[in-house]
Structures are given as C-alpha cells and as structure tokens.
Amino acid sequence: MTMVPAIELRGVSKRFGSVIALNNIDIKVKPGEVHCLLGDNGAGKSTLIKILSGVYHPTEGKIFVAGKEVQFRSPRDAGDRGVATVFQDLGLIPLMSITRNFFLGREPVKGVFPFRRFDKEKANDIARRAMANVGIHVRDPTQAVGTLSGGERQSVAIARAIHFGAKVLILDEPTSALGVHQAAMVLKFVIEARLKGLAVIFITHNIRHAYPVGDCFTLLNRGASQGTFQKSDITRDEVLSIMSGGEDMEAVEKDIELLLETIK
Amino acid sequence: MTETGHVSPPKGITPKKRLGADERLARASFLTRLLRRPESGVACGLIATFIIFALLPGAESLYSLQGSMTFLTLAAELGILAAAVSLLIIAGEFDLSIGSMIGFAGVVIGLSVKYLGFPLWGGIASAFAVAVLTGYFNGLIVVKTKLPSFIVTLASLFILRGLSIGITRSVTGRTQIPYILDDVPDPWVASIFNGHVLRGLFHWMGEVGWIAVKSDGTPFVSGIPMSIMWWLVITAIAGWILTETRFGNWIYASGGDPVVARNIGVPVSRVKITLFIASACAATLLATIQVMEAGSADTVRGSLKEFEAIIAVVVGGVLLSGGYGTIYGAALGALIFGLVQMGIFYTGIDTDWFKVFLGIVILVAVLVNNYTRAKALGERASS
Chain A
1171 MTMVPAIELR
1181 GVSKRFGSVI
1191 ALNNIDIKVK
1201 PGEVHCLLGD
1211 NGAGKSTLIK
1221 ILSGVYHPTE
1231 GKIFVAGKEV
1241 QFRSPRDAGD
1251 RGVATVFQDL
1261 GLIPLMSITR
1271 NFFLGREPVK
1281 GVFPFRRFDK
1291 EKANDIARRA
1301 MANVGIHVRD
1311 PTQAVGTLSG
1321 GERQSVAIAR
1331 AIHFGAKVLI
1341 LDEPTSALGV
1351 HQAAMVLKFV
1361 IEARLKGLAV
1371 IFITHNIRHA
1381 YPVGDCFTLL
1391 NRGASQGTFQ
1401 KSDITRDEVL
1411 SIMSGGEDME
1421 AVEKDIELLL
1431 ETIK
Chain B
40 MTETGHVSPP
50 KGITPKKRLG
60 ADERLARASF
70 LTRLLRRPES
80 GVACGLIATF
90 IIFALLPGAE
100 SLYSLQGSMT
110 FLTLAAELGI
120 LAAAVSLLII
130 AGEFDLSIGS
140 MIGFAGVVIG
150 LSVKYLGFPL
160 WGGIASAFAV
170 AVLTGYFNGL
180 IVVKTKLPSF
190 IVTLASLFIL
200 RGLSIGITRS
210 VTGRTQIPYI
220 LDDVPDPWVA
230 SIFNGHVLRG
240 LFHWMGEVGW
250 IAVKSDGTPF
260 VSGIPMSIMW
270 WLVITAIAGW
280 ILTETRFGNW
290 IYASGGDPVV
300 ARNIGVPVSR
310 VKITLFIASA
320 CAATLLATIQ
330 VMEAGSADTV
340 RGSLKEFEAI
350 IAVVVGGVLL
360 SGGYGTIYGA
370 ALGALIFGLV
380 QMGIFYTGID
390 TDWFKVFLGI
400 VILVAVLVNN
410 YTRAKALGER
420 ASS
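Those protein sequences? They're chains A and B, same order as listed. Heads up, the first sequence is in the working numbering, so the first residue is 1171 and it goes up one at a time. Heads up, the second sequence is in the working numbering, so the first residue is 40 and it goes up one at a time.
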C-alpha cells in the first residue's frame, strides 16, 4: 500500500535532562487504521502521547502529518491540524450540558452585535447528530455531562473530536477506568471512527481491549519500541509476552507458585 | 427489552445497558424537572417566607403598596450587586472588596463634585473609571498570581476602605461629604438614579382611589423607584449574557474546570478579569444610587455588603465553588433578603433576631441546593 500515513513519527526521542523517556520511536498510522500503543507503566506511553498531541516537543526526530513535516506549538495547534487527543480527563466539564461542552470555545453564534448570541437550537441539533454519528442517541443534549456514564462521556469527547475535523484521533487509555460493558461501548466508537477513515492511535496497557480493534500494535518498553506488528503476524499471547518483558512474567508466575506452596 | 421508539439499535458490539439518558428522561416528570432547576430551592424558600410573614401581625403594612416598595427597594439594592457577584462566583472567583468599593465610589463622586468642581455626570464617570481600574487590578492579580481571590480581594477590601476614610478625612476633615447635589450644573443626572418611573400611572391610580393618597391628593408611592428598574434591567442583561451568549458559556466553563476550559481554548483569564470589573461597576452603580438619594457620601457605606451579596447568590442556588447556578436564583435570594429585613421590621419582631433568621435561611438554602444539585446530576458524583 502506498497510502500516505495520516501521521508519522520518525526517530522521535525525548530526554528530560539525563533521563531518556523515549528513544528513537518510529510510528506510521494510515487513514482507516487503528494503531495500538501498548506498554506497561513507565514504558513511555504518556510521553509519547504528549508529543503526539503537542504538549511536549521531541528532543530529536520529526513528525509528519499527511506527509508534511510539522511542529505542534500546543494541543490547540495540533487540533487545528487535524490531530485531536482525547485525554483521560476527556476535556469535559461535568456540571455543563452535553451541548455546552461539545461547542465550548467554538460556539456557533447568530444575530449581530450587541445581540449576538449562542445559537443553542443549532448547537443542540449538531451535537445530537454528531453523537448519533458515533452510535449514541441522546434525546436531551441539554443534560449535564456529569449525569452520563464513563462510556457515554468518552462518546461525547470522541464525537466532538470527529465533528471538529480530526483526521487523527488519539485516545489515551479510554477504557482503563471503565467496566466491561462501558469498555465495549468505547471499543465500538473506535471502530466507528476507523470506518469513517480516521487514523486512530489507541493507547492502553490492556491487551484484551486493544487486540480486538487494533490493526497493528507497537509495543513500548522502557522508552524504546519493541517493534511494530500487524495483527496477522502476532497472537494475543505473543503481544502480552513481549509487553511484559516475556521471561519476567514467567519468573513472576514461578515466584507466586512457590509462595502459594509455602503458605499451604 | 424495552424499545424506546425512534432509537435505532446500535450496530456492532451492543452494550448490555442502553444509553440510560433516554429512559431516565422519559420518566422525569414535569415537577422533577422543575425541581432540578438551580432556582427551585430559593423559590420554595421565598414562598415559605411570604407565607410566614402573611400569617404574622403587621402583614397588611408589609404587603401594602408602600411596604412592598420598601422591601423591593432593599432587594433591588442588594440584587444589583448579586447579579454581578453571581456571574463572578459562577466563574469561580470571589470579590470581597465590593462593599468597600461602594464607599470608595461614593467618596470619588463626592470629592470630584464638591472639591474638583466636576459636573455630576463627570463625578459619576470618574467613579466608574476608578471601578474599572480596581476590578481590573483585582482580576489581574488573581489570574497572574493564581492566589485565591478570597485573599486578594480581602486585601482590596481594607485598602479601599482605608483610602476612602484617609482621603476624605485629609481633604474635608470629616468622614462624610454632605450636600453633594447642591449647586450642580446638571441635577437631572441624579434623577436617572433616584427618580421614580410610571409617576403618571401612580398619580392616576391615586385619583381613581386604587392606592392610598396623602391629604394633598398625591399618592404615598409616587412611582416605581429607579433602583428597582436598574435591578430588573441588570438582572435581565446578566441573565441573558450567562445563558444565551458564548461569553456565558465561557463563564460556566471557567468556574466548572478552568484547566479544561483553558486547554480547549477558552480565554479564562479574560473572562475572570472582565467579571471582576463588572462586580466593581455594580458596586459603583449602587453607590451612585445611594449618593443621589441621600445627597451625601459616607466613607462607611457598603460595609458587609459583600457578604450580603454572597449570601443572596448562594441562597439563590449558585454553587460556591463555581460552575453552576443562575442569575434569577440570585435575584430571588436578594428578594428573600429584602423581604425578611422589612418583614421583621413591620411585624415588630426584635431586629436582633434578623441575623439569627438569616443564618438559618442560609443553612437551609445551602442544604436544599446541595440536594437539588445532586438531583440535577442524576445523583452521580461530579468527579
């Protein structure tokens, strides 16, 4: 396939003083592809997401969006270039309504100054349709976001990113705080986004959530890439084994067995 | 499985629990929805207060036209402050300096008219200019230092009060500035702030015999005081800004979660500074009304008004930590305040009990608000 990647990192490194948080990372994500970034705590996932979303600048390496080299000045700048990140706090305000959250900072207005006002009918209508677009049907978009479940809140954040022209959608641990059904709902949004031709970067430490929806997997460990694998080339257990450092996990299991025997 | 009509079944992976919003809203009755409004607590409180005073002796005087105008005027004076203060509290900040600002604005008007020879409009304009500067600096210090506005404006409270007394005493040798309206070239300006509207209507109603008249045939109540008109206009404008404009959306966001709001691109600092200016200007408007009515300025005017305004706002259902509430609730809160103050006077209850009553009203209102907010959020904790 010669499709231009929606986003590409080449040789990206990030150092904080003498600490190497990320070392020489290469990632390519094509439109309509779900790319899972997997890694245990401290693997460098958060640093990578902050580089992708414009919070940090890489110490070395280049970022390309749709084949063009870019430097993100801020998350807002990244958003304007079509790279939207849904952070774990979701960028939502619980006491405000779905519509008010959806259009925060980008409210549609009508009328002329000084009678210019927030076009709430239009906003409600767009919010309702944008949510339906990712498969959530809200009857009352004026209800507070705080009344929604975790999965529904994710849907608001994702629908908003898609509506405002995201070409690359970065999801930071979207399922980590959710129960089984809520997580399933979010995975459905991921698939919906992929079907719409977005490039999705799905960051998680949960292989059970990543494996069903992912097209390829990049495994991070201690700031370095352990390689990128197509789904066809790797099984879930293999992913899990590389992620946890393989032999480490076996050693841990042995230790636990020994411990259990001593208790008996 | 219950089918809710137009909702098409989700494709792909079907979550067991369908979007709860639909079912829940379908069940919510009209009454429940009404009770979920942030003003519901204060509205109930107001009705209860009305009924309590109606049952007490002296109710006829309290609810007479004259008595009503009196408590409405008291409510209006507090309500002007409460409108601006509720915007500021919803945006997540406090302004404790507005009481001192009332005194200081009065002093600015008095001194500039009496000692600098300004026309009345010039004196009033100077007071508003000082208010804009004061509000701007309050806001700037709060957003730049990220210190709690409670502390920053507590400092302004003392600075402004000290300046009022210090400047007035060093210029005039006293703490009051009397006879401000004598010999001004533009006395009509005062009538914008202390006059009455609908005088013709009230005069006519007196002639027809609908309202009480004095021995010379003029009614006791010559019209609706301007302060009430100012209150209504400012409440309407503030209410419109809060719920109908994008700036209003930013106010909610700035108080709801300033970090999220800023990341999304809301100019949180600008919103907050603007609202500090607005609250200083509301204090100055009240000062102007009082100076035009009394014809004098007093350096101690406005003491404790900052707390009365905060009480009215919180009783009105605004969340003290910001992000939630309405202007209309605050207006009702001011109305309760005025009603209780006059009610205690008319019913002959010892006014010492006013503060006890006030304290209880605050406590009850906050408890009710806490409950309604939990209801509004569907009993889910706001994380």
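Quick caveat, the hints were computed from the structure, so don't treat them as lab data. All of these numbers come straight from a predicted model, not from anything done at the bench. It cannot be assumed that every hint is accurate.
Heads up, simulated SDA-like pairs for lysine to any residue below, C-alpha to C-alpha not over 25 Å straight-line [as the list claims (entries may be wrong)]: (1) B:185 <-> A:1259; (2) A:1215 <-> B:89; (3) A:1292 <-> B:283; (4) A:1232 <-> A:1244; (5) A:1280 <-> B:89; (6) A:1220 <-> B:197; (7) A:1290 <-> B:183; (8) B:185 <-> A:1337; (9) B:185 <-> A:1408; (10) A:1337 <-> A:1349; (11) A:1220 <-> A:1361; (12) A:1337 <-> A:1181; (13) A:1280 <-> B:301; (14) A:1292 <-> B:276; (15) A:1366 <-> A:1394; (16) A:1424 <-> A:1391; (17) B:394 <-> B:70; (18) A:1215 <-> A:1397; (19) A:1238 <-> A:1290; (20) A:1290 <-> B:70; (21) A:1290 <-> B:306; (22) A:1290 <-> B:89; (23) B:183 <-> B:197; (24) A:1280 <-> B:306; (25) A:1280 <-> B:70; (26) A:1337 <-> B:286; (27) B:183 <-> A:1347; (28) A:1290 <-> B:412; (29) A:1424 <-> A:1408; (30) A:1424 <-> A:1401; (31) A:1280 <-> B:313; (32) A:1337 <-> B:250; (33) B:185 <-> A:1226.
Hint-by-hint comparison with the structure:
At roughly 22 Å between alpha-carbon atoms, residue 185 of chain B and residue 1259 of chain A fall within 25 Å of each other, so this suggested pair holds. As the CA atoms of residue 1215 of chain A and residue 89 of chain B are separated by approximately 61 Å, the hinted pair breaks the 25 Å bound. Between the alpha carbons of residue 1292 of chain A and residue 283 of chain B the distance comes to roughly 13 Å, so the proposed pair stays at or under 25 Å and holds. Straight-line distance between C-alpha atoms of residue 1232 of chain A and residue 1244 of chain A comes to about 16 Å, which keeps the hinted pair within the 25 Å bound.
Restraint check for residue 1280 of chain A and residue 89 of chain B: the C-alpha separation of about 41 Å exceeds 25 Å, so the hint is violated. Pair hint residue 1220 of chain A plus residue 197 of chain B does not hold up; C-alpha atoms about 45 Å apart against a cutoff of 25 Å. A threshold of 25 Å between alpha carbons decides the hint, and for residue 1290 of chain A with residue 183 of chain B the separation of about 33 Å lies outside it, so the pair is violated. Restraint check for residue 185 of chain B and residue 1337 of chain A: the C-alpha separation of about 36 Å exceeds 25 Å, so the hint is violated.
With a C-alpha separation of about 49 Å, the suggested pair residue 185 of chain B and residue 1408 of chain A falls outside the 25 Å cut-off, and the hint is violated. Taken as a hint, the residue 1337 of chain A and residue 1349 of chain A pair is broken in the structure, with Cα atoms around 28 Å apart against an allowance of 25 Å. Taking the CA atoms of residue 1220 of chain A and residue 1361 of chain A, the gap is near 23 Å; set against the 25 Å cutoff, the hint holds. As the CA atoms of residue 1337 of chain A and residue 1181 of chain A are separated by approximately 22 Å, the hinted pair is consistent with the 25 Å bound.
At roughly 24 Å between alpha-carbon atoms, residue 1280 of chain A and residue 301 of chain B fall within 25 Å of each other, so this suggested pair holds. At most 25 Å may separate the alpha-carbon atoms for a hinted pair to count; residue 1292 of chain A and residue 276 of chain B meet this at roughly 23 Å. Restraint check for residue 1366 of chain A and residue 1394 of chain A: the C-alpha separation of about 31 Å exceeds 25 Å, so the hint is violated. Simply put, residue 1424 of chain A and residue 1391 of chain A have alpha-carbon atoms about 22 Å apart, close enough for the 25 Å limit, and the pair holds.
Straight-line distance between C-alpha atoms of residue 394 of chain B and residue 70 of chain B comes to about 33 Å, which puts the hinted pair past the 25 Å bound. Annotation: proposed proximity of residue 1215 of chain A to residue 1397 of chain A holds, straight-line Cα distance about 14 Å (limit 25 Å). Our distance criterion of 25 Å between C-alpha atoms is broken by residue 1238 of chain A and residue 1290 of chain A, whose separation comes to about 37 Å. In summary, the hint linking residue 1290 of chain A to residue 70 of chain B is supported, as the alpha carbons are separated by about 24 Å, within the 25 Å threshold.
Distance restraint check for residue 1290 of chain A and residue 306 of chain B: the Cα-Cα separation of roughly 21 Å lies within the 25 Å cut-off, and the hinted pair is therefore satisfied. Of the supplied pair hints, the one linking residue 1290 of chain A and residue 89 of chain B is violated, its CA atoms being roughly 36 Å apart against a limit of 25 Å. Distance restraint check for residue 183 of chain B and residue 197 of chain B: the Cα-Cα separation of roughly 21 Å lies within the 25 Å cut-off, and the hinted pair is therefore satisfied. Restraint check: the Cα-Cα separation between residue 1280 of chain A and residue 306 of chain B comes to about 21 Å, which is no more than 25 Å; the hinted pair holds.
The hinted pair formed by residue 1280 of chain A and residue 70 of chain B fails the criterion: a straight-line CA distance of about 32 Å is larger than 25 Å. Proposed proximity of residue 1337 of chain A and residue 286 of chain B is contradicted: the alpha carbons are some 29 Å apart, above 25 Å. For the given pair, residue 183 of chain B sits about 35 Å from residue 1347 of chain A by alpha-carbon distance, which is inconsistent with the 25 Å threshold. The suggested pairing of residue 1290 of chain A with residue 412 of chain B holds, with an alpha-carbon distance near 23 Å, which does not exceed 25 Å.
Annotation: proposed proximity of residue 1424 of chain A to residue 1408 of chain A holds, straight-line Cα distance about 19 Å (limit 25 Å). With a C-alpha separation of about 29 Å, the suggested pairing of residue 1424 of chain A with residue 1401 of chain A is violated against the 25 Å cut-off. For the suggested pair residue 1280 of chain A and residue 313 of chain B, the alpha carbons sit about 23 Å apart, so the restraint of at most 25 Å is met. Taken as a hint, the residue 1337 of chain A and residue 250 of chain B pair is broken in the structure, with Cα atoms around 70 Å apart against an allowance of 25 Å.
Distance hint between residue 185 of chain B and residue 1226 of chain A is fulfilled; the C-alpha atoms sit about 23 Å from each other, no more than 25 Å.
Violation of the numbered hints given earlier is confined to hints 2, 5, 6, 7, 8, 9, 10, 15, 17, 19, 22, 25, 26, 27, 30 and 32; the remaining hints are satisfied by the structure.
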